[in-house]
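*Asks:* Residue strings, one per chain:
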Amino acid sequence: MSKNNPYRPIETEVLDVITETPTIKTVKMKPKEEIIFKTGQFVELTIPGAGEAPFTPSSRPWLKDKMEVTVMQVGKVTERIHQLKKGETVGVRGPYGNGYPLEEFLGKELLVVGGGCGFAPLRSLMYEIFEKSKEFKKLFFRGGCKTPKDFLYKKETAEWAKRDDIDVVLTVDTLDGGNGEWKGKVGLVTTVLDGIKMDKKNGIAVVCGPPIMMKFTTKKLIEMGFKDSNIYLSMERNMSCGIGKCGHCRIGPYYVCKDGPVFRYNDIKDFPDVWD
Amino acid sequence: MLYITKNNLSNLLEIIQKDYDIFVPVKRENNRFYKRYDPSMKFSEDEKLADENTIVLGEVRAFEPLKVFYNRAREIVADGFKAELPRTNPKPFCIVGAKACDLKGFKIQDFVFKEGDFQDPFYIEARENNLIISADCTCALDTCFCSTVDVKPYPEKDFDLNLSQVSGGFIAQAGSQKGQALIDKNPSLFGEAMDRAVAEMEEQRKRVTADVRKNIRQNSIPSQDKYEGIIQKNYDSPIWDEEAKTCVECGACNTICPTCHCFLLYDQMSEERMERLRVWDSCMIKDFAKVAAGVNPRPWLWMRLRNRFEKKFDFFPKQSGIYACTGCGRCITACPAKIDIRKVLQRLVKDVQKQPV
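Going down the list, the protein sequences come from chains Y and B.
Numbering-wise (the working numbering), the first sequence opens with residue 1 and increments by one.
Numbering-wise (the working numbering), the second sequence opens with residue 277 and increments by one.
Hints were generated in silico from the structure; no laboratory data involved.
Each hint should be verified, as a subset may be incorrect.
Unchecked claim - So these bits of chain B aren't anywhere near chain Y, every CB distance computed over 10 Å:
#1 M317
#2 L325
#3 F339
#4 R348
#5 L361
#6 T414
#7 G445
#8 A450
#9 Q456
#10 D517
#11 E518
#12 V567
#13 N572
What the hints assert, rightly or not - Computed Cβ-Cβ distance ranges for the label pairs, DEER-style:
#14 V74/Y <-> S496/B: 23 to 33 Å
#15 E88/Y <-> K358/B: 17 to 27 Å
#16 K358/B <-> V74/Y: 22 to 32 Å
#17 K137/Y <-> P575/B: 34 to 44 Å
#18 D512/B <-> T174/Y: 15 to 25 Å
Ideal Cβ placement from N, Cα and C applies to all residues, glycine included.
Excised from the complex, chain B in its bound form (with noise of 0.2 Å):
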């Protein structure tokens, strides 16, 4: 296994920063937020004191899912009748630092602008055109439930190049061509890895993945193999009025959402300028199926939080193969209302079993 040092990776980023747009960690108060990196930012010697301009590789997923890069809030589609695609990204983007449920958020949202008879040409581009720098986690969230979900805090495929942080530096592990072409064409930065980083790695990965177990024991989370069926057999349950009770329709699950992937098309009210837009949109909101001649599939809230339910757990694995969450635990935090996804789940799974067979 190879080991760079923090200074190298630095020097590797410089190398990286001639062909790519480099997005890093950085800590503002308790959270990481993605930033445009420049030369002057450091990495990180105490992630728990890190500020706005020290890389922080380690701990856990950034507030924003990757999303907002790859297929992102508010995004121009199409530029009047012209044939050409509108050029939004001038240069391609290299992401720092992504965890491993940020990597399981991609095959959601591969499934849905990659497959099928048309393809979105905006995301495939920045999905062919990017490389994604991941990271193994260095702790868990106590909102952490990553292998509920099958995924691991530490990624293992589906990255073009791995870092997982020990003392002075990082393992790096290749998980694609362009990610070998990087260590090939950069040898001095990298060195062999010292059995002790080796095994410092491994402590790290067994104590994160301890840590997300005991988190998910601790709030009874149930694992995706008691999936099946609960939605279907929980759907005229009085769980989804209850749970959307406190529901104040801010459509922050939705944006915060690695896999939530719904958009508007919202044309620009100007007939000069005639640009579409591809907007973010969220199942929440009340008019979100409405049609223009009034009829509304999901009028009450707890349809809505039904129908959010049904796609991460019951329609969309049905087509995909692939249940639409990550365990990041992201909208556990965003909610206002407190609607905490791991009790709907253990909810919908107790009920589930405590119906006759």
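This is chain Y alone, in the form it adopts within the complex (with noise of 0.2 Å):
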């Protein structure tokens, strides 16, 4: 990390750009100084000529040298990071924010929530619970996308649901345009939480996913048993400096890029533009 000036981008080498879905890349690179992040913490991707914006890595965080970003077309920026070619240069400033508690989640029943491109950090985070899976008493992921070929990750994902450390169940909302290979349940991510064989009182639950995914997930968890402060939120909000400073990402009290953009939602939740 730059230490003297928190604005400047590090030079990073594309090393590949994988089609995920018909919406959703994933960009390999090397950063040519080393970037350490904590599962959950995000950097801020430079496009040279188009500008920068936020990601969670979707890596492995004690990969040191190298780091991918799973990246959605939604807007000017990541409209060039679709374009981008092996070998180009983008700048990675970072890491920021706080990241997932993982020693807080040891010993303890953990459910993982996740939806479309909320994939992309918990991929991170799973690589690091699947490393101490041993350490947790019971590991859930649930995980559901729009529809079959907008499901994400296909081939890890698949992977866990083979795994005995783990319960894994994956969903689509409907399934439109998909090809009739789809093996997983079919409806909302909510309806697979159902019938969770865990201790939900003290049970922890992380939620990532687009903000009505979140809010509706939520509400649902706190129906089942689980106490707020046993849910964690990834917030997103327009970080624009990442430090801080800039003002663009407040909640309430917070500044996500600071205090965030992993939260409790017992310290969010009464202010009313959380979901927004």
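Assembly of the complex is requested from the two constituent chains, each provided in isolation within its own frame, with the hints serving as guidance.
*Replies:* Below, the structure is given as structure tokens:
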């Protein structure tokens, strides 16, 4: 990380660009200076001539010289990211924010719920969890995407489903555009939370996905008996500087870039714009 | 106390000019603006009649907030991937005539740019290398309300040298080692202040303080000891919608505010010349908090007005312990929609007092 100038990006080589779904790509990169991040922290990715945008790496945190971000095309920077080719130069600043408090999850029953592009930060978290899977009492993963063709990380999630240290259920909202190969469930991700055999009073739930998915998943989890303080959400805001100065990403008294992006639900639930 | 004549102050400025770019307030119509000092400029004999070539150290704060020098409207903060800081401030600068409200503005800007896990090296360099020669207010505008937010119309600290304008010259007080060094290195320019001059300064301070208090009384502006909880308790109040009705989203209130610091990092759209700029941004503008996917936490104007007041009187003071308002009144004058911070504060406090305990 650049210690002297927090605005300077570190020169980074694009190693590969993988098409995950029609709207999502994963960029594999190699920063010229080591960037050590904690799972759940985010970086600012600069595309020369286009600008900068925040992403939480989807790769293994302990791989120090390589980093991956999984990006949905939604605006002008992400449009350019989708056009990136192997060998191009981009910039990375960070890491910023708090990341997941993994050490607090150890020894407990843990449920991870992902929706759509929210799989990206969660993949990084899952790599960490699998490294220490013996230290958890029970592990659950519930993941949902819109349709089979929108499903992210098909290979990895299929492998997770085969593991015996975790209980995995994958679902799609509808079968639209599927080719009949979908073997998972059909229905919103909230419908596959029912019947989970875990200690809801003391269990931890980590949720990451679009705001609407997080809103309804959180509601469901509370109905199921989870404590507000045991639900961890990844909040999305317009993080421009990443260092708690530019003022764009405020929720209540917090800056998402500095105090988040991971929040316990009880810390933010009273702010009316939390799901916007 | 020390005294310096206008002539000797001119001599002092010429000495300072060897090491610093000096900016002094001059007058254009009824406003004071900072202008780069040159030795042909003289101190005004009658500030009411002053023009663009006479220095006005009395009266009130200048039109521009001091952040224009420290956290500038548009500053290059990264030059491609180069590790060296882009050099944007070749020579340190000296601000002459800063007022007490301007100095309070630094408290907020300092908290943002100097504190926390990350610091802004450009701001810090400007703050460390500069020289601040402040001055007492010699009158109050009808929009001045500094004493509601614990600011007096004369600086007591946070300056290098302070000047209190009296007949024929100024009472000078050092507020830092740098300021003391200016006096110590140039002893011939300073003399012992006559009792009459000190009395004049004290009289003037009392008079201007009374003028500000009169403003506050006339406009029924509540003082800051009544601000606690006013935003939270009025969170869903119709006040916000009513006050925001005339807003045209020009962002003038943000631009002119000495405590507003929000910015956007903007990258030049040229791949050959990769420059990153830190550009002032305005939380009143619709897209300020919008994310790329389109979600906007504050889609309505009244929410953005409320956000502006939350910043000044709620979440920022919770973080820093300081209300982010200096009572300078710049936003009142700048707003084309006549949204008046004094009136909003008055309504907020009144509504809280009306609520049952």
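*Asks:* If a hint holds in the structure, say so; if it does not, say that too.
*Replies:* Hint check:
no. : hint                          : in the structure
1   : M317                          : holds (36 Å)
2   : L325                          : holds (41 Å)
3   : F339                          : holds (24 Å)
4   : R348                          : holds (14 Å)
5   : L361                          : violated (6 Å)
6   : T414                          : holds (35 Å)
7   : G445                          : holds (41 Å)
8   : A450                          : holds (32 Å)
9   : Q456                          : holds (31 Å)
10  : D517                          : holds (15 Å)
11  : E518                          : holds (19 Å)
12  : V567                          : violated (5 Å)
13  : N572                          : violated (7 Å)
14  : V74/Y <-> S496/B: 23 to 33 Å  : violated (48 Å)
15  : E88/Y <-> K358/B: 17 to 27 Å  : holds (19 Å)
16  : K358/B <-> V74/Y: 22 to 32 Å  : holds (30 Å)
17  : K137/Y <-> P575/B: 34 to 44 Å : holds (43 Å)
18  : D512/B <-> T174/Y: 15 to 25 Å : violated (38 Å)
Checked against the numbered hints above, the structure violates hints 5, 12, 13, 14 and 18; every other hint is satisfied.
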